[in-house]
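**Q** Taken in order, these protein sequences are the chains called A and B. Heads up, the final residue of the first sequence is numbered 119 in our numbering, and it's a clean run with no missing numbers. Heads up, the final residue of the second sequence is numbered 142 in our numbering, and it's a clean run with no missing numbers.
Don't take every hint at face value.
Unchecked claim - Which chain A residues stay away from chain B? Per the calculated CB distances, all over 12 Å, these:
(1) GLU19
(2) GLU58
(3) ILE62
(4) ASN69
(5) PHE70
(6) GLN71
(7) LYS72
(8) SER75
(9) THR80
(10) GLN85
(11) LEU116
(12) PRO119
To be verified - Below are the DSS-like pairs computed for lysine-lysine, each with C-alpha atoms no more than 30 Å apart in a straight line:
(13) LYS106/A - LYS5/A
(14) LYS99/B - LYS106/A
(15) LYS99/B - LYS85/B
(16) LYS40/A - LYS18/A
(17) LYS40/A - LYS37/B
(18) LYS98/B - LYS85/B
(19) LYS99/B - LYS37/B
(20) LYS106/A - LYS98/B
(21) LYS72/A - LYS106/A
(22) LYS106/A - LYS85/B
(23) LYS85/B - LYS5/A
(24) LYS106/A - LYS40/A
(25) LYS99/B - LYS40/A
(26) LYS85/B - LYS40/A
(27) LYS72/A - LYS40/A
(28) LYS37/B - LYS106/A
(29) LYS42/B - LYS85/B
In short, the hints are calculated from the structure, not lab data. As the structure is a prediction and not an experimental result, all values here were calculated from the model. Built from N, CA and C at the ideal position, the CB exists for glycine as well.
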Amino acid sequence: AQKVTQAQTEISVVEKEDVTLDCVYETRDTTYYLFWYKQPPSGELVFLIRRNSFDEQNEISGRYSWNFQKSTSSFNFTITASQVVDSAVYFCALSEAGGTGFQKLVFGTGTRLLVSP
Amino acid sequence: NAGVTQTPKFRVLKTGQSMTLLCAQDMNHEYMYWYRQDPGMGLRLIHYSVGEGTTAKGEVPDGYNVSRLKKQNFLLGLESAAPSQTSVYFCASNPPLGLTGELFFGEGSRLTVL
Numbered sequence: 003a004q005k006v007t008q009a010q011t012e013i014s015v016v017e018k019e020d021v022t023l024d025c026v027y028e029t030r031d032t033t034y035y036l037f038w039y040k041q042p043p044s045g046e047l048v049f050l051i052r053r054n055s056f057d058e059q060n061e062i063s064g065r066y067s068w069n070f071q072k073s074t075s076s077f078n079f080t081i082t083a084s085q086v087v088d089s090a091v092y093f094c095a096l097s098e099a100g101g102t103g104f105q106k107l108v109f110g111t112g113t114r115l116l117v118s119p
Numbered sequence: 029n030a031g032v033t034q035t036p037k038f039r040v041l042k043t044g045q046s047m048t049l050l051c052a053q054d055m056n057h058e059y060m061y062w063y064r065q066d067p068g069m070g071l072r073l074i075h076y077s078v079g080e081g082t083t084a085k086g087e088v089p090d091g092y093n094v095s096r097l098k099k100q101n102f103l104l105g106l107e108s109a110a111p112s113q114t115s116v117y118f119c120a121s122n123p124p125l126g127l128t129g130e131l132f133f134g135e136g137s138r139l140t141v142l
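Can you make the complete structure from the sequences, with help from the hints?
**A** Now the structure itself:
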């Protein structure tokens, strides 16, 4: 069975600090996808990234970066120079990669990030 | 382009009442999903559909039924609502082999069962 663990329930930082959100996953699939979604206080779910299990290269997008390590089954998310607008709940998720595009996501319980001015 | 639209956005029910949540997407997506979000539990898959006329059970299907009579619509029904079904419900859709792999989510429907 697939499982995603986000051990950090809530993190509080001061603006401009760097922060890393941890994600550990379990799967027996050899091919799978990993995701991060952001849920701001308004409640919608915002897609941030999808990573294929074959691609262990780190990804950087502006202040966001992701570190995928298959050896430790982790897909951590770092925000550099955090801003108040980064305050949200962040979800890590996992799905098998069936090849058709169908994705049955298994979500972690989320990490609430509070960035204070 | 509206994307994924859920109606209603809010609803209060009494135990035992029935209701239907409607999810409509205008992106011609093949796959559609219903999730529920509860505090401290993340999102859990209720039911999903891989195409018009097909549905399947997800992780937490009990107490819910679904139908996908038209490709653009995915209905989630509660035949006899229970307080345990108080939750925020999210519908999502995605195309086959989408470029980014993104699941497109609706804005959510908050349901309270008294």
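**Q** Hint check: LYS98/B vs LYS85/B, CA-CA at most 30 Å. Holds or violated?
**A** Given that 30 Å is the threshold and the Cα spacing comes to 18 Å, the pair holds.
**Q** Looking at GLU19/A again, its CB stays over 12 Å from all of chain B?
**A** 25 Å, holds
**Q** Verify the proposed pairing of LYS106/A with LYS40/A, using a straight-line Cα cut of 30 Å.
**A** 18 Å, holds
**Q** Run the C-beta distances from LYS72/A to all of chain B and say if the shortest one exceeds 12 Å.
**A** 18 Å, holds
**Q** The output says PHE70/A does not contact chain B. Does that hold with a beta carbon cutoff of 12 Å?
**A** At roughly 14 Å from the nearest Cβ of chain B, PHE70/A sits farther out than 12 Å, so the non-interface label holds.
**Q** Given the hinted pair LYS42/B and LYS85/B, is their Cα-Cα distance within 30 Å?
**A** Between LYS42/B and LYS85/B the Cα gap is close to 25 Å, so the pair holds against 30 Å.
**Q** Holds or violated: LYS72/A and LYS106/A, Cα atoms, limit 30 Å.
**A** It holds: about 20 Å lies between the C-alpha atoms, which stays within 30 Å.
**Q** Are the Cα positions of LYS72/A and LYS40/A separated by 30 Å at most?
**A** Answer holds: LYS72/A to LYS40/A is near 23 Å, not above 30 Å.
**Q** Hey, is GLN71/A genuinely clear of chain B, shortest beta carbon separation above 12 Å?
**A** Its Cβ never comes within 12 Å of chain B, the nearest being 20 Å, so this holds.
**Q** Does the no-contact call for GLU58/A survive, Cβ to all of chain B over 12 Å?
**A** The assertion about GLU58/A holds, with a minimum of 17 Å to chain B.
**Q** Are the Cα positions of LYS85/B and LYS40/A separated by 30 Å at most?
**A** Measuring from Cα to Cα gives roughly 26 Å; hence the hint holds.
**Q** Report holds if the minimum CB distance from GLN85/A to chain B is greater than 12 Å, and violated otherwise.
**A** 23 Å, holds
No hint from the list above goes unmet by this structure.
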